[in-house]
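Please put together the full structure from these sequences, using the hints given.
Protein chains in written order, with this note's numbering: chain Z, 5 to 220; chain W, 394 to 480.
Don't read these hints as lab results, they were simulated from the structure.
Among the hints, a few may not be true.
[Unchecked claim] Result set (DSSO-like, lysine-lysine): computed pairs, CA atoms no more than 30 Å apart in a straight line:
id, chain 1, residue 1, chain 2, residue 2
1, Z, Lys-53, W, Lys-460
2, Z, Lys-208, W, Lys-476
3, Z, Lys-100, W, Lys-432
4, W, Lys-466, Z, Lys-199
5, W, Lys-437, Z, Lys-207
6, Z, Lys-100, W, Lys-476
7, Z, Lys-100, W, Lys-460
8, Z, Lys-92, W, Lys-437
9, Z, Lys-92, W, Lys-466
10, Z, Lys-161, W, Lys-432
11, W, Lys-476, Z, Lys-207
12, Z, Lys-119, W, Lys-476
13, Z, Lys-92, Z, Lys-161
14, Z, Lys-214, W, Lys-437
15, Z, Lys-53, Z, Lys-199
16, W, Lys-476, Z, Lys-214
17, Z, Lys-161, Z, Lys-119
18, W, Lys-466, Z, Lys-208
Listed here are the chains, written in short residue letters.
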Amino acid sequence: MPDELSSAIEAETEKPTSAARAPVIEPGEPTDLELMHGIQREDPDALSKLYDRYNGILKALILRVIHNESEADDLLQEIFMEIWNQAKNFSAHKGKPLGWMVTLARRRSIDGLRKKQAYARAEERLQSETEQQPDAWVINTTAEEITFGDTRMLVRKVISGLPPAQKEAIELAFFRGMSQREIAANTNTPLGTVKTRLELGLKKIYDGLKELQHEL
Amino acid sequence: MTGSKNYSMSFDEFQNRSRLYVIGALESDELDEFEEARKEFGQKGEDFISECYGLHEAFALSLRPAKASSSIKDRLMTMVRQKQQRG
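This is the structure in structure tokens:
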């Protein structure tokens, strides 16, 4: 799986063409932070705009965890409702709105996966999906791709540079919510090796993103 | 390495643990040590943890966007408006 993943990513890697940041907001459009403030003031239009901007990314994240289209749609709706209900807890000092939403969506998705005791089914689906579509970290060209284009390419460039074993460990931890011990058991790898792979892989991504941010 | 109070964590190690922490991959003994160190490093530690949450955003941005059912937004906005009406 990881080798196929790497190949697919490398095959699609393109060079960034401009210094855009994600997301590119059209002139006159509110920023993410302005939308969050709108939601904090209980303005439904702000939630509507934030939904339009990010539903595709959050749905992709949810799907990556639970591998079920209709459950993912239901969860997406619940997550945006939680964004509405919990917006007062968002603080710009602690990070950007997208980071906050992704953290919330990932937690809800992994909770949902555990509650439904769907590990076994998800395992089968993941296996099947991976065989058919070995590009979990690769994206197609869509309207959203254009909007998020440069940042997405840069992120992909960083992730594609990871050794497959490190990529796999991070994938299992982030998208499957597995602990180090679970990853070790799942991949028949010594616990210490899993820890090292996670530490090295995450550091490379973290450092790579920082470098690329400076390039932009 | 089992939560000893005498174990003093370097900031480098704290940074490693922070990256694991934000993706939920710390084991329970590591988590205890991390929380101890977090108190020691104070604001500097909190600032670094906040930075690490940028990894979440990066992972999400790296995925192929998925199309949501068109009825989801309608249901969501109906729920929001009903909630507002209930006060």
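Structure versus earlier hints - violations, ascending order:
2, 4, 10, 11, 13, 15, 16, 17, 18
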